[in-house]
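Asks: Using the sequences and the accompanying hints, generate a full structural model.
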Amino acid sequence: MTDDAPPAEPTAPAPVPPRRFLSWRGMSEALAVAALACTWLASLGRHHWLLDLMSHFRLQHVVACAVVLLYALLRRRTWLVVAALVSLFWNAQIIHAVDQTAEPPAAPTGKPLRLMIYNVLATNTRHEEVINHVLQADADIVCLEEVNDTWQQSLEPLRRKYPHRVEELIGGFFGIACYTRLPLKSSEVRRFTIWRLPVLVLNLDHLGTPLTFIGLHTEPPIGGVRAEEWRGHLSGIAALVAGLSSEVIVAGDFNATPWCEGMRLLREKSGLDFRSVAPVWPPTWGRHLPTMIPIDHVLLRRGLIVQKRTLGPELGSDHCPVLVEIVRATP
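Start counting the sequence shown at 1; every next residue gets the next number (full-length UniProt numbering).
Since the hints were derived computationally from the structure, they do not count as laboratory data. Treat the hints with caution; some may be incorrect.
Derived CB-CB ranges, DEER-like [stated by the list, open to error]:
1. G208 <-> P163: 15 to 21 Å
2. P313 <-> K269: 30 to 36 Å
3. V82 <-> V225: 38 to 44 Å
4. R75 <-> K269: 26 to 32 Å
5. L85 <-> P157: 52 to 58 Å
6. L74 <-> A106: 46 to 52 Å
7. I222 <-> Q93: 47 to 53 Å
Positions of the beta carbon are idealized from the N, C-alpha and C atoms, including for glycine.
Replies: Here is the structure:
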């Protein structure tokens, strides 16, 4: 026998935890940088439809920048604080540019012209509530989008109330109808692109002055083909308006926010503008969704001003009605 102790069993090395390619902190900063990058990429909409699509969500960009700023302050990341502040102010100034696009008229002439636009949603079943709301608004001009054959009977109260109407109740989601109590000189339905979506053109008399009202509903610019159709539609409107000598109102569902490239080109080429005392950035579509955006607009030319703008309830549609009062500015 021996007093020597048996050799100790070799101990296995402790398991090495798997290496993470990116820490949680790194992932958070990467997401923060991506959110800020979207802000700046959205300003390059003229180069690609997807970038222009990102530009519609300026309100969401503001919220994202504010969240990134708070994160950067808590993490004491100076460079990220600066980047978030610059991005936040960039988006805020773009939105502020359409907060008030006209000064209140000192002495407006004549009674305000009341105009309502409403994308009622083709599949909406709350017809009676919608029509009652339109009747109670008692606008001088009413423009309804997405009215199709299922709305045929429901529109009868408007036909009885208003002496003049122009209707294109086509199937699908692009039917459109206008009703007015203003004297109607002539009307036509124009189609600008190969998809032949209807545009209603009404030549009216407003307090003894010729007024052209144009009602539209464009294709949403989602995808390359649809974006091309959308831009062609807006370009056709711009060319039409540029050739008119009368006062002009263009209204409806543009599927365009005030700060997207398509809207910029339309305003630039036609001379139209929002010319509104009230802000035009409050959302008119999807107001209960995180993606809510303003896409229902009234654009004016030649001395007309929107002195009041009111958003109504959605009533079964994903849009809310927009009621405006339009006056002539003092010469």
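Asks: It remains to establish, for every hint, whether it holds in the given structure.
Replies: Now for the hints, and whether the structure bears them out:
no. : hint                      : in the structure
1   : G208 <-> P163: 15 to 21 Å : 18 Å, holds
2   : P313 <-> K269: 30 to 36 Å : 35 Å, holds
3   : V82 <-> V225: 38 to 44 Å  : 40 Å, holds
4   : R75 <-> K269: 26 to 32 Å  : 46 Å, violated
5   : L85 <-> P157: 52 to 58 Å  : 53 Å, holds
6   : L74 <-> A106: 46 to 52 Å  : 50 Å, holds
7   : I222 <-> Q93: 47 to 53 Å  : 27 Å, violated
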